[in-house]
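K.L.:
Sequence:
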Amino acid sequence: MIKARVKPENSNANLKSYYDAYKSFSWEQVKKEFTTDHEGYVNIAYEAVDRWADNPATADNTALIIERADVVETITFKDLKERSCRLTNLLLKFGFKIGDRFFIFLPPCPEIYYAMLACARIGVIFSNLYTTLNFEELHWRFNNAQPRGIITHPHLVERLPSESSEYLKCILLTDGPTPGLFPSEVELESMMQYMSSEHSVKWVAENTPLYLLYTSGSTGPPKGVVHAHQDMAGHLITARWVLDLNERSVLWTDGDPAWVTGTVYGAFAPWLCGAASVIQGNPFSASSWYRTIEKYKVNVWYTTPQSIRRLMEAGADLPGRYDFSDLRHIATVGEALSPELFYWVRENLKHSPHDTWWMTETGMICIANFPSQQIKPGSMGKPVPGIEAAVLDPQGEPLSILTLGELALKVPWPSMMQAVWNDDERFAAYFSEEWFLTGDMVIKDEDGYYYHEGRNDDLIKAGQTFVGPYEVEQVLCMHPAVAEAGAISKPNDKGRVEVKAFVKIAKGYAASVRLNYEIKAFVRTNLHSEIPLGEIEFLDELPRTLSGKLLRRVLRARELGLPSGDPKKLRG
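The opening residue of the sequence shown carries number 3 in my numbering; numbering runs sequentially from there.
In case anyone wonders, no lab produced these hints; they're calculated from the structure.
Small disclaimer: the values here were computed from a predicted structure and weren't measured.
Take these hints with a grain of salt, some might be off.
No farther apart than 30 angstroms at their CA atoms in a straight line, the calculated lysine-lysine pairs in the DSBU-like style are these [said to hold, decoys possible]:
(1) Lys95 with Lys5
(2) Lys5 with Lys299
(3) Lys5 with Lys18
(4) Lys5 with Lys506
(5) Lys299 with Lys18
(6) Lys522 with Lys492
(7) Lys5 with Lys25
(8) Lys33 with Lys506
(9) Lys33 with Lys5
(10) Lys522 with Lys502
(11) Lys18 with Lys34
(12) Lys509 with Lys34
(13) Lys18 with Lys95
(14) Lys522 with Lys509
Model the full assembly from the supplied sequences, consistent with the hints where possible.
P.N.:
Following this line, the structure appears as C-alpha cells:
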C-alpha cells in the first residue's frame with residue numbers, strides 16, 4: 003500500500019461532497035428521475051434515447067460517433083430512435099416477444115447499438131458476443147441461450163453452429179449478398195427500408211431481463227449473467243458521479259462492445275446523461291488512440307491499464323504531438339491500476355487516472371476514485387454511494403482495517419445481476435446471507451480506501467499470514483528491468499510452498515541469469531522477508547483476458563502442465 007495522496011482533480015465535479023452524498027443517498031430518489039407515469043413500469047430505451055429524441059431541443063444532439071476503417075458516422079438521438087424502431091418492427095415481423103433471446107455477433111458498428119435498443123424496446127434479451135469466439139465457444143452459447151435470432155456479418159456466418167437453425171427464426175446480415183448457409187438469412191437493409199421508424203416502447207417491470215453476457219470463471223463453463231432494465235439507476239448515478247458526465251460531455255469507452263464495460267459505459271450510461279459516446283472500431287495503435295481523443299474532442303476517457311501500458315511502451319514523446327485540451331477526466335477499469343501507470347499518465351497526459359472496480363455480475367461501477375476526492379495511487383477508491391462494502395473473513399465475519407479478506411457487497415442494489423442463465427446453483431453460490439461475495443481479495447485502509455490484492459484462489463502464504471500476488475507484482479514492477487509481472491504460489495521439490503514470478507522484460511534489457519538473480523535480490527530487499535521467491539521465468543507476453551486482466555490461473559495451469567485454453571478468449 004502506498005501512502006501518497008494526490009489532490010482532487012476537480013473540486014467542481016458533479017459529485018462535490020462524497021461524504022454528504024453517501025450519507026443521504028437513496029436509490030428511490032434516483033429512480034424518481036425516470037418516467038413515473040406508467041405505474042412503476044420502466045424501459046431503459048425510453049430513458050436513454052427516446053426522451054432526448056422526442057425533445058426538439060435535444061433531438062439533434064450527437065449520441066454516437068463511430069469510426070471504423072477511417073469511415074466516421076455521427077448519429078443523433080433522433081437517428082438512434084428511428085433506426086432502432088425500424089429494427090424493432092422487423093423483429094416483431096419475425097414474431098419476437100418478451101423474454102426471447104437475440105445474439106449480436108458483430109465488430110464495432112452502428113448496427114450493434116440499433117439492435118441493443120430494438121431489443122430493449124420490446125423486452126427481448128440481447129447478448130453481445132465477441133467476434134473472436136471460435137465454433138466451439140459459439141456452439142456452447144447457442145445451446146445455452148437458444149436465441150430466436152442473430153444479427154451478424156456474412157463473413158461470420160460460417161462460424162454459426164448448423165443445429166442452431168432449429169430455434170433461429172432469423173439471421174440478419176448487415177451486408178449482402180447472403181451466403182445461403184442457413185434458410186433464415188435476411189439482408190438487413192433490404193428489409194429495414196420497409197419498416198416504420200416509429201414504435202413505442204413496451205413498459206415492463208423493473209426486473210425484466212435486458213441483456214445476457216457470458217463471462218468466463220476460473221472453473222466450469224462460461225456464466226450467462228443476466229441483467230435487467232432497472233440497472234439504469236446504477237448506470238445513471240455512476241456515469242454522473244464517477245465519470246462526471248453531463249449533456250455536453252463526449253465519452254470514449256475504449257472497450258469492446260461485447261465486454262460489459264462496452265455494453266454499459268459505451269452506450270446506456272452516457273445516453274442516460276444525454277452525453278455522446280465515441281466508438282473506435284479500428285485496431286489499437288498509440289497514434290490512433292491519441293488521435294481519437296484529439297479529433298473527437300473527448301472530455302472523458304474510460305480506458306484500461308492494458309491500453310495505458312501499451313501507450314507507455316510506445317514512448318513518452320508521442321503524447322506531446324496531440325491536443326488534449328478538451329480532455330478533463332480519465333478513469334480506468336479491468337485490472338488494478340499500478341502506481342507506475344498512474345504516474346506515467348499523470349506526467350504525460352496531465353490528468354490523474356481514476357481507477358474503478360466492478361464486475362459483470364455487479365452491473366455497474368461499485369468502487370471508484372472520484373474527481374472531487376483525493377487519490378491514493380494503487381487504490382480502487384471508495385464505494386459508490388448506494389453501495390455498502392465490507393472485507394470478510396472465510397466465516398463471513400467483517401474484518402478490521404488493514405486486514406486481507408474477501409470483498410463483499412451488501413445486497414441488493416438496482417444493477418445487481420438477476421440470474422445466471424439456466425444455472426441457479428452457480429447464481430446462489432455468489433451470496434451468503436446479506437452479502438454478495440465477489441471472490442476478490444482486498445485490504446481497506448483507515449480512510450476507507452480499498453486495495454485489490456488478487457482473487458481468493460491467488461493468495462500466497464508468507465509465514466503465518468497470507469498476502470495477495472498483486473503486492474509481489476507491484477514490487478517486481480518497481481525494478482527498472484521489469485515491464486510486467488505475474489506471481490503464483492507453487493510447491494517446491496521439498497514440499498514447501500514458494501512463489502514463482504513470471505516477468506516480461508522492459509525495452510533495453512535482456513534476459514540473463516544475472517538479471518534473474520538481481521530481480522530476486524531486489525524483491526527480498528523491498529518485500530516481506532518471509533515471502534519465498536524461489537523462481538523467476540521470463541516471458542515474451544503474460545496471459546491476459548480481452549479486457550486486459552492478468553490470468554494467474556493460466557500461469558498456474560501451464561506450470562502444472564494442464565490445459566489453459568486461449569487467454570484472449572477469456573473475460574473473467
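K.L.:
Given the hint that Lys18 pairs with Lys34, does the C-alpha gap stay at or below 30 angstroms?
P.N.:
Holds. Lys18 to Lys34 sits at ~21 angstroms (cutoff 30 angstroms).
K.L.:
Between Lys18 and Lys95, does the CA-CA distance stay at or below 30 angstroms?
P.N.:
Roughly 49 angstroms separates the two Cα atoms, so the pair is violated.
K.L.:
Check the hint pairing Lys5 with Lys506 against an upper bound of 30 angstroms on the C-alpha distance.
P.N.:
holds, 27 angstroms
K.L.:
Below or equal to 30 angstroms on CA atoms is what counts here, so check Lys5 against Lys18.
P.N.:
Distance ~23 angstroms between Lys5 and Lys18 Cα, so the pair holds.
K.L.:
Assess, step by step, whether the Cα of Lys33 is no farther than 30 angstroms from the Cα of Lys5, and give holds or violated.
P.N.:
violated, 38 angstroms
K.L.:
Starting from Lys522, check that the Cα of Lys492 is at most 30 angstroms away, please.
P.N.:
This hinted pair holds, its Cα atoms lying about 16 angstroms apart.
K.L.:
Would you mind confirming whether the straight-line C-alpha gap from Lys33 to Lys506 stays at or under 30 angstroms?
P.N.:
With a Cα-Cα distance of about 47 angstroms, the restraint between Lys33 and Lys506 is violated, given a limit of 30 angstroms.
K.L.:
Sort out whether Lys5 lies within 30 angstroms of Lys95, counting only the CA atoms.
P.N.:
violated, 60 angstroms
K.L.:
Within 30 angstroms, alpha carbon to alpha carbon, are Lys5 and Lys25?
P.N.:
Satisfied, since the Cα-Cα distance of roughly 26 angstroms is no more than 30 angstroms.
K.L.:
Would you mind confirming whether the straight-line C-alpha gap from Lys522 to Lys509 stays at or under 30 angstroms?
P.N.:
Holds, at about 19 angstroms.
K.L.:
Between the alpha carbons of Lys509 and Lys34, is the straight-line distance 30 angstroms or under?
P.N.:
violated, 54 angstroms
K.L.:
Does the structure keep Lys522 and Lys502 at a Cα separation of 30 angstroms or less?
P.N.:
The given pair, whose Cα atoms are some 10 angstroms apart, holds under the 30 angstroms limit.
Checked against the numbered hints above, the structure breaks hints 1, 2, 8, 9, 12, 13 and satisfies the rest.
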